[in-house]
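Those protein sequences? They're chains A and B, same order as listed.
Under this note's numbering, the first residue of the first sequence is numbered 1, with each subsequent residue one higher.
Under this note's numbering, the first residue of the second sequence is numbered 1001, with each subsequent residue one higher.
Hints may contain errors.
As the list claims (entries may be wrong) - Far from chain B, by Cβ distances over 10 Å, these chain A residues were calculated:
| no. | residue |
| --- | --- |
| 1 | A71 |
| 2 | N119 |
| 3 | Q218 |
| 4 | T273 |
| 5 | A330 |
| 6 | L400 |
To be verified - Quick list of simulated restraints, FRET-style, between CB atoms:
| no. | chain 1 | residue 1 | chain 2 | residue 2 | range |
| --- | --- | --- | --- | --- | --- |
| 7 | B | R1051 | A | P23 | 36 to 46 Å |
| 8 | B | N1253 | A | G43 | 56 to 66 Å |
| 9 | B | P1329 | A | G293 | 57 to 67 Å |
FYI, nobody ran anything at the bench for these hints, they're computed from the structure.
We put the CB at the ideal spot given by N, CA and C, even for glycine.
Protein chains: 2
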Amino acid sequence: MSDERVPLTPGQALLHGLLEPAPTKIVLVVMDGLGGLPMAPGGKTELEAARTPNLDRLAAQGTVGLSIPVAPGITPGSGVGHLALFGYDPVAHPVGRGILEALGIGMEVGPGDVAVRGNFCTLGDDGTVADRRAGRISTDECRRLVEMLRERVSVPGVELTLEPVRDYRMAVRFRGTGLGDRVNDTDPLETALRPVDPQGDDPPSQRTARAAAEMLRQVREVLRGAHPANYLLLRGFSALPHFPSFADAYGLNAAALALYPTYRGLARLVGMTVLDAGSTIGEQMGALKRHWGAHDFFFVHHKPTDSSGEDGDFARKCAAIEALDAALPAILELSPDVLCVTGDHSTPARMRAHSFHPVPLLLWAPASMRPDEVTTFGERPCMRGGLGQLLAKDLMPVLLAHAHRLKKYGA
Amino acid sequence: MSDERVPLTPGQALLHGLLEPAPTKIVLVVMDGLGGLPMAPGGKTELEAARTPNLDRLAAQGTVGLSIPVAPGITPGSGVGHLALFGYDPVAHPVGRGILEALGIGMEVGPGDVAVRGNFCTLGDDGTVADRRAGRISTDECRRLVEMLRERVSVPGVELTLEPVRDYRMAVRFRGTGLGDRVNDTDPLETALRPVDPQGDDPPSQRTARAAAEMLRQVREVLRGAHPANYLLLRGFSALPHFPSFADAYGLNAAALALYPTYRGLARLVGMTVLDAGSTIGEQMGALKRHWGAHDFFFVHHKPTDSSGEDGDFARKCAAIEALDAALPAILELSPDVLCVTGDHSTPARMRAHSFHPVPLLLWAPASMRPDEVTTFGERPCMRGGLGQLLAKDLMPVLLAHAHRLKKYGA
Chain A
1 MSDERVPLTP
11 GQALLHGLLE
21 PAPTKIVLVV
31 MDGLGGLPMA
41 PGGKTELEAA
51 RTPNLDRLAA
61 QGTVGLSIPV
71 APGITPGSGV
81 GHLALFGYDP
91 VAHPVGRGIL
101 EALGIGMEVG
111 PGDVAVRGNF
121 CTLGDDGTVA
131 DRRAGRISTD
141 ECRRLVEMLR
151 ERVSVPGVEL
161 TLEPVRDYRM
171 AVRFRGTGLG
181 DRVNDTDPLE
191 TALRPVDPQG
201 DDPPSQRTAR
211 AAAEMLRQVR
221 EVLRGAHPAN
231 YLLLRGFSAL
241 PHFPSFADAY
251 GLNAAALALY
261 PTYRGLARLV
271 GMTVLDAGST
281 IGEQMGALKR
291 HWGAHDFFFV
301 HHKPTDSSGE
311 DGDFARKCAA
321 IEALDAALPA
331 ILELSPDVLC
341 VTGDHSTPAR
351 MRAHSFHPVP
361 LLLWAPASMR
371 PDEVTTFGER
381 PCMRGGLGQL
391 LAKDLMPVLL
401 AHAHRLKKYG
411 A
Chain B
1001 MSDERVPLTP
1011 GQALLHGLLE
1021 PAPTKIVLVV
1031 MDGLGGLPMA
1041 PGGKTELEAA
1051 RTPNLDRLAA
1061 QGTVGLSIPV
1071 APGITPGSGV
1081 GHLALFGYDP
1091 VAHPVGRGIL
1101 EALGIGMEVG
1111 PGDVAVRGNF
1121 CTLGDDGTVA
1131 DRRAGRISTD
1141 ECRRLVEMLR
1151 ERVSVPGVEL
1161 TLEPVRDYRM
1171 AVRFRGTGLG
1181 DRVNDTDPLE
1191 TALRPVDPQG
1201 DDPPSQRTAR
1211 AAAEMLRQVR
1221 EVLRGAHPAN
1231 YLLLRGFSAL
1241 PHFPSFADAY
1251 GLNAAALALY
1261 PTYRGLARLV
1271 GMTVLDAGST
1281 IGEQMGALKR
1291 HWGAHDFFFV
1301 HHKPTDSSGE
1311 DGDFARKCAA
1321 IEALDAALPA
1331 ILELSPDVLC
1341 VTGDHSTPAR
1351 MRAHSFHPVP
1361 LLLWAPASMR
1371 PDEVTTFGER
1381 PCMRGGLGQL
1391 LAKDLMPVLL
1401 AHAHRLKKYG
1411 A
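This is chain A alone, in the form it adopts within the complex (with noise of 0.2 Å):
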């Protein structure tokens, strides 16, 4: 396991001088996938059809905008899209693929594990890769395949577990003691090439390395004669990265409602509690209730905007919308002092996919927003907002300063 720590992100070592502490409370909401384009010209987004009374009225008495993931153009995965919300510099501190690959499938990783994303290949009898995909194999069909290497597959003194992803893709987590993360890809990018052997940069990586290449033997044996998926390709052996926690980096006590255990993985990777939260947007928002007193800043995450937009269902993604503006209430009764709706990117139902599009941003604190001339939340007017086009890792800061949990900057 590596033992750096992630620093504070040029802009979180600016605030760490400032902050103090407050007696405010600050709900972040992420609608997954939030933004939206129309389906045909002169059609509506999805946030825009979408009956928003509750975040229409939000808009009209707060501030609006659009949020830049990641950077201009660039359409961010999950995890990257959060952690840019939260603050953290996804491009200078990225995040080991195995990492994200796990976190995705909502695989616990804790300190000292070791992930890494496996590939379904094709080996030819000469043992060069054939084929780096396995000629696209079904999810179903890795499934499948995962099971079988569960049952045939051990090393002594590693506990390993396996996931499947999608289609050929699966993740593998190696826990046990002094593990390391500095192991090579054994991936070797072309066809005709053989497979690379693993092998670690310093003693606890070659721990790493020794385990893998066992598991690796083994699972040549166990699939031999399969076709075409008959070998695995490892990509992005990784450790939990050491974030300075919310805590750390803003003097929040936070705590994440999550429904997915993806989103659950990276507010632990941020140091924030894990509330159980129930599996319906109503229990969400109970458990946000009981919890009130217990903590300063909420991540409330809502997933079936971003599920939608992928299956390209824009009217299910619109009733994913209206059933988060039906649960504000709940959080308005609670007298949030800061309220921040947005998502950690696009997934517009016409591209089925996530995209690189700003995304909407509303942000609403009685005691000092400073209005615009918007009145309904949607991409359109987000684009004549207040807050302008902001990226998401510049957010944190403006949430803080509306919480009145920064110090004024120099005398």
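Go by the hints and put chain B onto chain A.
Frame of chain A; chain B shown alone:
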């Protein structure tokens, strides 16, 4: 005195190869604390409520936007806010606390002087700090104590100047030969600890440290028995930083017209000629006219917008804005090539303090301005102005460009 020169910022360095002379004149009017907020939901901001026919006409002809003083969410002090407007990076090259405190109260600090902030504190009988702020004594009490120390404390070979600031805070200027500023804070930062002895990192700083130690010895004597303020903790020993001057950074022969000493001090810090601006806005305009031929950049500072905001006096802030508006024809009569009106930060009357909100920005440059759709000067119109939201440190290049003082970059 530290001999390190602050380098040009990357932005200034880029300009440097592009500067070219032109017979043009730039006026930068800084309405201190200009940005505001409505006092109640649905209301107008100070600038929106004020009657400003001249500013509105310039806004209609020119381009407006919002200036972000330091970074989103950051509330700047006056020193930092002005340095940012002048194009210096206050984060990369912070100005010492002692210098900012001294400038903030209008104490004149010259090359070779060392300034430090003093906090009156309470020492217990055992010599440890019982209260780092001496029970937050009143400004009147602070003044009385400083008076007393002035009469009875002196250090051979070093001229001490003591000034009250506010509440428990005061400032000390050390003037003498060969004084350095690499001296530690004496504040132990926690109670129940002894104050730290001042020590210098190099021979000049050791001279300062010895003078400070001798001063503190006498302070302890003089305040013996006084309660709660019976000692001083010193923080932020600092000499005047060597900022590149306006002449070096921008090729400008700049002059400052400021009625308050703090702003004259800040102007001196960047090598502006400080003109006698009288004591009223009328006299300030008269001085501008008198010196019009001798300079090509004029920094005109207007204080009452900030002081009325700090007092929470919405109507007085409106009046202060209207007073500046009424003075604009006197500036326009001189036919400046570029006229910019903005603020160093926001001071909403509603918050009775500096705030982090972006600041209205107006640019009028007959030869090259690109009009937007905005026809009045105010926070809301500025949100849809043609300048967008600009970091304050990026303003100077824009002013130079409109003044035809920057060549093309690259072939």
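Check your understanding: Does the Cβ-Cβ separation between P1329(B) and G293(A) fall within 57 to 67 Å?
Key -> Holds: the Cβ-Cβ distance is about 58 Å, inside 57 to 67 Å.
**Study point:** Status of A330(A), Cβ more than 10 Å from any chain B Cβ
**Key:** Given a closest Cβ separation of 22 Å, the condition holds.
**Study point:** T273(A) remote from chain B - nearest C-beta pair above 10 Å
**Key:** At roughly 24 Å from the nearest Cβ of chain B, T273(A) sits farther out than 10 Å, so the non-interface label holds.
**Study point:** Verdict on A71(A) as a residue remote from chain B, using beta-carbon distances over 10 Å
**Key:** 16 Å, holds
Point to revise | Minimum Cβ-Cβ distance from L400(A) to chain B exceeds 10 Å | key: 6 Å, violated
Exercise for review: Over 10 Å to the closest beta carbon of chain B is the bar; see if Q218(A) clears it.
Suggested key: 52 Å, holds
Review point. Is the distance from the Cβ of R1051(B) to the Cβ of P23(A) consistent with 36 to 46 Å?
Key: At roughly 40 Å between Cβ atoms, P23(A) and R1051(B) fall inside 36 to 46 Å, so the hint holds.
Exercise for review: Just double-check N119(A) for me: nearest Cβ-Cβ distance to chain B has to come out over 10 Å.
Suggested key: 40 Å, holds
Practice item. Evaluate the given range 56 to 66 Å for the C-beta pair formed by N1253(B) and G43(A). Key: With a Cβ separation near 57 Å, N1253(B) and G43(A) satisfy 56 to 66 Å, so the hint holds.
Checked against the numbered hints above, the structure breaks only hint 6 and satisfies the rest.
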